[in-house]
Structures are given as C-alpha cells and as structure tokens.
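There are 2 protein chains.
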Amino acid sequence: MAYHTTLDRAAAAAAAAAGPYGAWSAERRRDLLHACADALEAARAELVELARAETALTPERLDGEVARTTGQLRLYGDHVAAGRHLSARTSKGAAPGGADVWTVDVPLGPVAVFAASNFPFAFGVPGGDTASALAAGCPVVVKGHPAQPLLSRRIAEVLAGAVAEAGAPEGTFGFLDAESTEGDPNKLSIELVRHPAIKAVGFTGSFRGGRALMDAAAARPEPIPVYAEMGSVNPVFVLPGAVADEAGREKWASALAAAVTGSAGQLCTKPGVVFVPDTEDGEALGAAAVARIADTAPIPMLTAGMAAAHRSWQERAAGTAGAESAAEVGQGAGQSDGQSGGQGKPFAVQISAKDFEGDYREEHFGPATVIVRADPAEYPALAGSLEGQLTATVIADDGSEQDRSAARSLLPSLLARAGRVVWNGVPTGVAVVEAMQHGGPWPATSAAWSTSVGTEAIRRFVRPVAMQGVPADLLG
Amino acid sequence: MAYHTTLDRAAAAAAAAAGPYGAWSAERRRDLLHACADALEAARAELVELARAETALTPERLDGEVARTTGQLRLYGDHVAAGRHLSARTSKGAAPGGADVWTVDVPLGPVAVFAASNFPFAFGVPGGDTASALAAGCPVVVKGHPAQPLLSRRIAEVLAGAVAEAGAPEGTFGFLDAESTEGDPNKLSIELVRHPAIKAVGFTGSFRGGRALMDAAAARPEPIPVYAEMGSVNPVFVLPGAVADEAGREKWASALAAAVTGSAGQLCTKPGVVFVPDTEDGEALGAAAVARIADTAPIPMLTAGMAAAHRSWQERAAGTAGAESAAEVGQGAGQSDGQSGGQGKPFAVQISAKDFEGDYREEHFGPATVIVRADPAEYPALAGSLEGQLTATVIADDGSEQDRSAARSLLPSLLARAGRVVWNGVPTGVAVVEAMQHGGPWPATSAAWSTSVGTEAIRRFVRPVAMQGVPADLLG
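Top line first, the protein sequences correspond to chains Y and P.
In terms of the numbering used here, the first sequence opens at residue 67 and continues consecutively.
In terms of the numbering used here, the second sequence opens at residue 67 and continues consecutively.
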C-alpha cells in the first residue's frame, strides 16, 4: 500500500510532504485531482458494490454520488489552476517607501480529514475535505469511517495510487483505518487531532463528535482550526399562499416527503422541522405530507445503530404531549409497517407551536420530521428561537403580495440563523458551486465563515501572506 | 454617559442592538464611522494630552496616531459603502431546479474588543477592531486598557456621543472601564468573553492574555472566534550583497536601529532578531547597528512594569553565554546611560547562531534586539526553526545575482512562517490598506487566515449566507 497505516508514520510523512507538495504549481495540483477522479471512475463498479454492502444505499444513489465526487475533484482542481481560490489583493505603492503590497496564499500544512458515513464518497475518504485540502496544497491524513472499513480502505488504495502516480511526495495522501487502535476509534480521532504535525481538521458528522474534536484542537499547545459541520434541523416555513389550492398542497407535500425520506433522511440538510399555517389549508398540507411520509415503505439505514436511534426517537416523539404521530395516521391508512433490524420506518409527527420544545428542536438523523402548526405571524419569532442552522427554507406563492410581505418580515431572522436560505425548493441537494455556502452558525458548524461544499471550501486550508516590495520573479 | 458601564447591561444592550444595527445600510454605517472620526478629530488636542500623560509617548507620535485612526475609520466606512468587504459569489442557475445561488454577508453580532496599550488610538478603544466590527454591522463592547483609564474613558465618551448622534441603536457602542471589577481586570476580560451575548472577540496584546481569552472562548457552550494578535520577533535576514559596502552598512544599521528604538520598541512588528552574515561585512553591520542602538538615549516606556521587564530581559540577555552585549559596546563608546524608573535603555545583544536559543527566540517588548551572526547558507534552516511570525524581512542587494539566488532559497521558509514578507525595508509601519495582512501563524495570532489591520479585517466579523432563488427585492 502506498500510504502509512499508523498515526505517527502517516503524520510524519504528511509533515515531510507539506513543503514539497505545498510548493507544487496549481496546474500540477489540478492534474493530481483529475488523476484521483480518473482512478475512482476506473474503480467505480467495484467501489459501488463495496459501498452498497456497507451502507445499504441503492446502487443508483451511490453511482450518482461517485459522479458528484469525481466532478468535485475536477472542479476544485480547475478552480485552483485558474487561481480563483486566491485572495489576490493588491495595494500599489502602499508601503512606507512606496513599495507595492499584495497577497499570495500559502497552504496550512497537513490536514486531518474524518470521513463521514452518510455520503461514503462525497463526504467520505475522497470527499470535499480531502479534495479541498489537496487543492489548497495541503497533504491529508484521512481517517476512514468505522462503519465502512472495506470501502474506506479500498478508496484509500485507489487514491494513494493516483497520488503516487501523479508524482506527489510520499505522505501527500495518508490513511488510517478506523480500527487501527483496537476498537477504540474515538481515541484515534483525538490522537490524530492532537498530533503536532496536523495543522487543520475537516469533519462532517455528529455534534458530539465535532465538539470533541474542537475541544481537543483548542487544548493543543498550538491550537488549530477545526472545520466541523455538525448538522441541523433545517426549518421550512410554509406561507399561506403556497397552500391555498390543492395543487400547491400536493406539490409541496410530495416535495417535502421526498426530502424527508430520500437517502433514509440521513442527510444533514434534511428538513427536520416544517412550520405550516394553523389554518385549514395548512393542516391539509400537514396531513398530506404526513400521509405521504407514512406511506413510504421502511428504508434500510446506514447502520443498525442508526435504525435503533430512529426507532427510539419515533417512540419518544409519538409519546410526547401534543403529538399526533404519523404512526396513527399510517395505521388509519393501513400502512403500519413497523420496523425491523436495520430498517427505518418513515415517520412524521404533527404538533402545535406551543409544544415545539425539547427533542423536537434537536436534529434527528433518519426519515422523520416534525410538522409544527403555527400562526404565520409568529414565524419570525419562531425562527428567532432556533439555534444556528445549515439551511432555512421559505415556501411561498411568488405572486402573493401577502406572502411576499410575510417573507420580508421573516427573512432577516433566517439570514441571522442559517448558512443558506432556500426559496420555493427543498434544502436537500447541495450544489457544488462557487457560491455555495454549506455552513452556518453554531451549532450547525464550528466556523460559520467557512463552507464545506463548493470551491470556497478550499480557502479553509490556505492563509494569505502580504508581500511588501518582494521581486515577483523570486517567488518561484 | 451614553454607554452602559457594567458588563451585563452593556452586553444586553449590544445584543438588543445587533438586529437593528445589523440591518443598517452600508451607507449609514459609513456615515457613523465618519462621524466617529470627526468626533475624535474635534477632541484631538484633549485626547493627545490625556494620552501623553498615560503613555509617555510623544505628542508628535500620538498626533500622527490619531490621524491614522481617523483615516482608518473613514477608510473602513468607505470600503463597506462600496461593497468591497462582501464575498459576493454568484452561481447562476446552479441550484437543483435551476435557481441562482449567490452570497450575501451578515454580521456576527456583538464583538468584544480589548484595547491595547501600545497604540492608544490605532489599537485602542477607537482602533482597528472597533472600526472593523462597526463597519461589519456588529455592535461592540470595548474594554479599556488598565494603564490608560482616563484616556480610554474619554475616547469612549466621544465615540458613544458620535454613535448616538448618528442615530444608532443604544448598545451599538458599549464600554467597560478596566477597573470596574475592583482591581481584577483579567476577571472582567474572561467574563466578557464568556458572556452569551458576545459572538466574536478582537484582541491585540500579550501571548498570555490572548491564550487566556482563546481558552475561555473555546470552553463556552457556544464557542466563538477569537481574533488575537499576540506579537512575534519579526526576524530580519540580511544578505551579503546589502552590506558589501560602507554605504549599505550605514543605511541598514540606521534603519534597523530606528525600527528597534522607535516608540521604545513597543511595537508588535519591531525587529527582535536580525540575522547578519558571519563575515567581516556582516559583523561590521552588526557592530554599527549595536552602536547606534546603544547610542540612543533611554526612552520613557508605557508603564513602569514594562520598563522593569525590559531591564530584566537586558540583564538576562547580557548574562547568557556567548552574548556580546551593547552595554559593553556602549561603555566603549562612553554611552553607559543605564536605566531608571520608567525609562528603557535601548540595547542590542550579538550572538552566534549556535547560541540562538531560549530567551533569544521569545518576543521582548521594548527597545532591544538580538543580532545573530550566521552563515547565510543556514538562513533557510534558521527560518524553518522559528515559530509563526507577523513579519519576516529580507535585506538584499537587488542587483546581486548571489543575493537573489539566496533569497529564492529563503523565501519559501518565510512565506511558510510569516503573515507578511518585507523586502528591503523594515517591518514597522503597517500600512492600513486592502492588501495588508497583519496576521500570521501561531503563536503570532490565533487565526492565521485573518488580519487585524487593513480593510480585510472587516471580514472577520461577517459570514456569508447563500441565497438560493430568493427574490432579491425581498432582501431589504
């Protein structure tokens, strides 16, 4: 294998690679990222099969994810080769004595990357953190996900081969099996973050996991930045105009149900709370969404543990005062499938705004959502009561002056709390583009200014250096 | 007084102001910053006199600093009014369904600002952190410096008046006397950082102080970013060509001595370590610089404590093995002024590269420097052995191929370790411009990607939000 398998060796190799790889031209880095994409594509069938076995995601979904991941690698490579990731500020003659001042960007050094389980490719070993760190000129030490040991390792072999083939210094791509510390993967994670060779961290996962890495990084003799994306409930606010007719209700009930149940709801942008007007129309939308969700057959979840957590959340939610559960609605519709083994039964609970407390405000990772009946006049206050979010969504009738006016009042609260505001859509499906902001205030992420999706993610791993009068031809 | 004087009241008022002030147009914020500048200028004579009494800095220096500070306020206001602080990324038709995605920036909320003592204006109560936070749309709660109680308070009154006059919500500008917790200013600092209303921190000062604020911020239930600039030794590398003739040696001995002794060396960009070639020419430069520094009369320091620390450092440095102290050289030249009270005697120590260890690598805040004789071929390795720096400087003969070649080898190490690289100049005198990067890797700062000087400082206090298909006319 072309990577080191123990922390100390991988970290030392990454530290040794940081200088030479960091000095690579952007064109060479582009070529390396394209080579990684090519290698993944060449191994696509084998990787999708491994992923299917370890994730229970469908081959179609996994195949699409490989395409997204290779597209991401190529895009980030093209982006740096075009110099679009650079801060590139210039102040002519600005220094004392009249010298020019301008910025260049330098890579931070080795980045620890933690593969997420819900996107085994796009946020896994070859995902956005790996792609953006390599694009920035930083070696990576990637820890595989414990739920996907074979897939993680095989992807690592493929990438290590491509990186070596591209001529990168040994240590540019490092990989650690999640199991390499005898069944205590959290210990390895903390040790990786504490290792003095590591200069930044990329993580997508649970709040608890992200916070543990942040605490470890902050307590180092040399604190380092942790870019942790820890999920959120992604509130949706439905305005009255959007559900004034049957067509609108059907359209949005269908779109919301698909967003809640797609990928078994195991997406950090799944709409986990949907505010609907406490009117007849709003209740009709709620009932239609609940029915569609409850009508969806059980879906295999990523792990048995996640399925168990989903079942436990459903029991807790259904047992809470004020809850009208989809299980009941589902039974009425003859759809009481129940749950078994690693399956998650899609599920929604309807409550009144006065009961929107406790668990209902916490992210639940699975095919479930909370529908909250509320007076639309209260939406801004409800939005203001939420924690930081990756996304917030408004569903409205574009042509309704009443909806537009309500949106005008609501939007400031959403901008104050979310990293992305979606209009008449669903928050799932994060476009990998320059303007994407997949981030958000605490506790959605650890660094609200940063994004983990889109080309701006590269900037997390560089810092500007001001050049003052330095002859440009001496800068390599 | 127009500001609240207790932490809880100031923080609550800032929290209440965050929404309405954050919604102000950039033009209104520009007008507010200009009004602050106007008010400081109107009170200039009184403020300079207060500052002179509490800092021992010269009226000329203080007068210039007021001009820099008011220029900074106006520049930051103009910058936001022109929209130049915005991330403003756009991806047309990029979202699922074809909606546009683009970014807008929103302010983080109330910012805690800690006034530094060495620039009572430019980094004090009305300094860069206050200016950039207000420009970003964030209320500030500023803690005055304990060594400048009267000046801090008077500036706060002037600013609070201007902010109120500009129509800003109460709480937009808050101020805390350093003394308001009965003589334990550190307790107040930590409490301010821990206060849940505070969403970011700006600090310029000691490593110890900065680290304490970082630790407090990282341990909060909601961690917040701390932008701490904690100083450095600002290494200077003199290449052989620059000192090959008497004129070069005189020029650079004079420039370096001025940079070491100006403002009594109490600048975070003071050159604290100067590497000179271990040749006859290099030693001649070292001797000339030492003599000029030692010939400089004692200079009043900011506080008696700083003068005592300077004396103690001088004694320690002079007593270290391998040191040839300026005191000895000074005695030879009949300049043994000694030190008394709050005065700091300019001082340089010469050592060989092999003795460049321990204290010599630590920042010393005062009119002193360490001159290190080294083989220029060893410069890259010496640079590589340094901690993160605000600046690194190369002094070379532009026309010498030998110097250019040496610089080519040296520059990568400097870019890897510093926030700014100066060519044929001195690092003191930080231009307040768009391309300035006054930052650098740990331990120079807490956030290497950020700058505390220049218009880019504003970006520390905003975060991007992606708009996905949101009708632009609804965004206020």
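One should not assume that every hint holds.
Cβ pair distances, simulated, as ranges [as the list claims (entries may be wrong)]:
1) P/Lys253 x Y/Gly163: 41 to 47 Å
2) Y/Asp464 x P/Gly130: 53 to 59 Å
3) P/Lys253 x Y/Glu381: 44 to 50 Å
4) P/Ala285 x Y/Asp425: 50 to 56 Å
Everything labelled a hint here was simulated from the structure, so no lab data went into it.
For every residue, glycine included, the Cβ atom is placed at its ideal position computed from N, Cα and C.
To see whether the hints hold, each was checked on the structure:
At about 44 Å, the CB distance of P/Lys253 to Y/Gly163 agrees with the hint of 41 to 47 Å. Look at Y/Asp464 against P/Gly130: about 56 Å separates their beta carbons, and that is inside 53 to 59 Å. For P/Lys253 paired with Y/Glu381, a C-beta distance near 47 Å keeps the hint of 44 to 50 Å intact. At about 26 Å, the beta-carbon gap between P/Ala285 and Y/Asp425 misses the expected band of 50 to 56 Å.
Comparing the model with each earlier hint shows a violation of hint 4 alone; every other hint is respected.
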